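**Q** Protein chains in written order, with the numbering used here: chain W, 723 to 836; chain D, 316 to 453; chain Y, 9 to 128.
Because the hints were derived from the structure by calculation, they are not lab data. Predicted model only: the values in this text are computed from it and were never measured. All C-beta atoms, glycine included, are put in the ideal place defined by N, C-alpha and C. Treat the hints with care, since some could be wrong.
[To be verified] Below, computed lysine-lysine pairings styled on DSS-like, alpha-carbon distance capped at 25 Å:
no., chain 1, residue 1, chain 2, residue 2
1, D, Lys324, D, Lys354
2, W, Lys774, W, Lys792
3, W, Lys792, D, Lys325
4, D, Lys442, Y, Lys39
5, D, Lys324, Y, Lys11
6, W, Lys751, W, Lys771
7, D, Lys377, W, Lys725
8, D, Lys325, D, Lys372
9, D, Lys354, W, Lys725
10, W, Lys725, D, Lys325
11, W, Lys771, W, Lys748
12, D, Lys442, W, Lys725
13, W, Lys748, Y, Lys39
14, D, Lys392, W, Lys725
[What the hints assert, rightly or not] Away from chain D, derived, C-beta distances all over 10 Å, residues of chain W:
no., residue
15, Lys770
16, Leu785
17, Ala802
18, Val823
19, Ala830
[To be verified] Cβ-Cβ distance ranges computed for the label pairs, FRET-style:
no., chain 1, residue 1, chain 2, residue 2, range
20, Y, Ile60, W, Glu806, 37 to 43 Å
21, D, Glu415, W, Leu785, 44 to 50 Å
22, W, Arg753, D, Glu391, 39 to 45 Å
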Amino acid sequence: MTKIALLITKTPHSDEGAERMCGISKRAKEREMDVTIYMLGDGVLCAKKDQKGYVGTNIKIALENGVSIKASANDLNARAIRKEQVEPEIEIVTDLESQFVEDIMESADRVISW
Amino acid sequence: MVDEIIKEKKVLSLMLFSGPYGSQDADHMCRIAEKALEKGYGVEIFLYGDGVHAQMKDQAPKMFYNVGEALVRIAEKGGVIKSCVRCSTARGYVNNEFDETSDRYPSDKAMDAVKIYSLYGFISMIKSSDKLLTFGSA
Amino acid sequence: MVKVVIEISHPPFGYEHTFAGLYVASASLSKGYDVTVILRSDGVYTGRKGQIEPMKNINLPATEDLVEDIIELDGRIIIERSSMEMRGINEDELIDEIEVMDTQDIHDIILDYGEKVVAF
Chain W
723 MTKIALLITK
733 TPHSDEGAER
743 MCGISKRAKE
753 REMDVTIYML
763 GDGVLCAKKD
773 QKGYVGTNIK
783 IALENGVSIK
793 ASANDLNARA
803 IRKEQVEPEI
813 EIVTDLESQF
823 VEDIMESADR
833 VISW
Chain D
316 MVDEIIKEKK
326 VLSLMLFSGP
336 YGSQDADHMC
346 RIAEKALEKG
356 YGVEIFLYGD
366 GVHAQMKDQA
376 PKMFYNVGEA
386 LVRIAEKGGV
396 IKSCVRCSTA
406 RGYVNNEFDE
416 TSDRYPSDKA
426 MDAVKIYSLY
436 GFISMIKSSD
446 KLLTFGSA
Chain Y
9 MVKVVIEISH
19 PPFGYEHTFA
29 GLYVASASLS
39 KGYDVTVILR
49 SDGVYTGRKG
59 QIEPMKNINL
69 PATEDLVEDI
79 IELDGRIIIE
89 RSSMEMRGIN
99 EDELIDEIEV
109 MDTQDIHDII
119 LDYGEKVVAF
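Given only the sequences and the hints, what does the whole structure look like? Please build it.
**A** If you want it as structure tokens, here you go:
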């Protein structure tokens, strides 16, 4: 099974990648690929609960469809986003960079970053 | 500074398109690059567009992550760092024609850790790397 | 042969991104890579033909020339239909041989041809 890793470092509404990331994630799942999304820096704002709009909706759909989503604990803390304010199935990870590097260099077939 | 990437090592390439300090793009790139080096991977970085400003000597942010020092660490640990000559020339970094001996375009303003180079430096990274990440371009 | 997808989301001229992306595309083609350029969001403006002497008018090179070079070197240029429609761009405004595609098909292109993806 093809594995795709996606890194997002930008906010959900900035037109700097989050929408594209969601679209590619959705299509990859439809094609039965394994998808993991990594949220780093401002990208952790994509993890926030209660969003309206394309990215918020599609993050929820991605989680329902088995996409693994990880968000950086350091970046959430810095931005005052508490665990209970994050979409429940998103994994909050310390040292996200470490997991990300291991994944892309050893597991993922493809990686795209925004 | 180790210039050659050992072929058996997997290589991660990273491209930076935005300037240091204006956003966290350079921070993310450097942190991921250092992590990759720690884990024993080869690292190649290409500074492009405003990203070439990360090569500037003597960066001294008062409270921000020091990108210049991070690049020096990355080079000391074996990372190869190049920057685009056209972008660097536009921004005032390049002194002279390409120097074969030092394998770079000379610059009084850029750190030694970074080689100012043709865009083909990035084009070959696109091919030779196992994985490619980009920061600050989207 | 390495397959590269270069996606451009910024408009021509107002930012350096378009030049940067098109240079990477043509340099990659000169090295024999398989190159697909995707124009989406504000990047679709780069697909329009008929730029009138940008160098004379605004001291910037014509992106249209770079796009035509890429096509001549057998690079593929794809433009996103929904982004065009939002911006009032019709197909007859486009440079010849640019392919209009729907978003889902573009996602497939990225998944199939993006061994390496560079987004500008």
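**Q** Determine for every hint whether it applies to the structure shown.
**A** Here is how each hint holds up against the structure:
no., hint, in the structure
1, D:Lys324 / D:Lys354, "11 Å, holds"
2, W:Lys774 / W:Lys792, "20 Å, holds"
3, W:Lys792 / D:Lys325, "24 Å, holds"
4, D:Lys442 / Y:Lys39, "10 Å, holds"
5, D:Lys324 / Y:Lys11, "21 Å, holds"
6, W:Lys751 / W:Lys771, "22 Å, holds"
7, D:Lys377 / W:Lys725, "41 Å, violated"
8, D:Lys325 / D:Lys372, "30 Å, violated"
9, D:Lys354 / W:Lys725, "21 Å, holds"
10, W:Lys725 / D:Lys325, "18 Å, holds"
11, W:Lys771 / W:Lys748, "19 Å, holds"
12, D:Lys442 / W:Lys725, "20 Å, holds"
13, W:Lys748 / Y:Lys39, "33 Å, violated"
14, D:Lys392 / W:Lys725, "30 Å, violated"
15, Lys770, "18 Å, holds"
16, Leu785, "23 Å, holds"
17, Ala802, "17 Å, holds"
18, Val823, "5 Å, violated"
19, Ala830, "8 Å, violated"
20, Y:Ile60 / W:Glu806: 37 to 43 Å, "57 Å, violated"
21, D:Glu415 / W:Leu785: 44 to 50 Å, "55 Å, violated"
22, W:Arg753 / D:Glu391: 39 to 45 Å, "43 Å, holds"
Going down the numbered hints, you'll see the structure goes against 7, 8, 13, 14, 18, 19, 20 and 21, while the others check out.
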